[in-house]
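Heads up: the sequence shown begins at 28 in this note's numbering, then just goes up one per residue.
It is worth saying that the hints were derived from the structure and are not from the lab.
None of these values were measured; they are calculated from a predicted model.
Keep in mind that a hint or two might mislead.
As the list claims (entries may be wrong) - With a straight-line cut-off of 30 Å between C-alpha atoms, the simulated BS3-like cross-links for lysine-lysine are:
no., residue 1, residue 2
1, K117, K174
2, K147, K174
3, K158, K147
4, K192, K174
5, K108, K174
6, K188, K117
7, K192, K117
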Amino acid sequence: MSSKKIIDDLVSRKIEFELEEEKSEERSDVEKTDIPAPAPSGSYQKIQGKNFDSFFESSLRTADPVSLLLMCYDLAKASLKKAIEGIRNKDYELKYEGVSRAMRIFDTLIAITEPNDVGKHLITSYLFITKKIVEADISKDEKIFEKVISYIEELEQAWRKIKSKT
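Could you build all of it, start to finish, from the sequences and the hints given here?
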């Protein structure tokens with residue numbers, strides 16, 4: 028799977044890797060711009076304002092497929108954490124946004140994964156994860172969401188291990 032194919036598919040499915048639209052104008056400028064941004068290595072650093080967009084776009088364009096996959100996993104985990112926050116605060120719009128984004132990410136990963144031996148196992152894992160996300164969404168169960176996050180972290184660790192060997 029090529030980096031360009033991943034990015035094109037994410038764009039076509041309207042999965043944004045950039046700042047989400049600001050929901051509230053009441054937030055201070057510091058809150059709006061002091062954002063942790065994932066670097067291609069998966070580590071986080073603080074990037075301010077407009078630099079965030081150019082840094083992140085550059086990271087996406089130059090990242091290898093495994094780094095893009097890790098970014099997708101990071102984004103999915105963040106989205107599921109948003110869903111958990113929505114449940115805790117009884118903010119079901121926030122829960123919906125988190126669940127929807129995570130589902131779009133895994134739908135994309137399923138669509139772009141080549142069905143070779145490894146790919147078939149990945150697709151099975153992604154289908155299991157999406158099934159659990161739906162289950163957690165319907166039951167509004169934080170624990171299931173947390174378990175899904177741990178599954179994603181296991182996949183992430185496996186890919187990081189593979190990446191470190193190459």
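Do the hints match the structure? See the list:
1. Pair hint K117 plus K174 holds up; C-alpha atoms about 20 Å apart against a cutoff of 30 Å.
2. The hinted pair formed by K147 and K174 meets the criterion: a straight-line CA distance of about 22 Å does not exceed 30 Å.
3. Under the criterion of a C-alpha separation no larger than 30 Å, the hint pairing K158 with K147 is consistent with the structure, at around 16 Å.
4. The straight-line distance between the Cα atoms of K192 and K174 is roughly 28 Å, inside the 30 Å bound, and the hint therefore holds.
5. For the hint pairing K108 with K174, the CA-to-CA distance comes to about 11 Å; that is within 30 Å, so the pair holds.
6. Between the alpha carbons of K188 and K117 the distance comes to roughly 38 Å, so the proposed pair goes past 30 Å and is violated.
7. For the suggested pair K192 and K117, the alpha carbons sit about 44 Å apart, so the restraint of at most 30 Å is broken.
Hint violations for this structure: numbers 6 and 7, all remaining hints satisfied.
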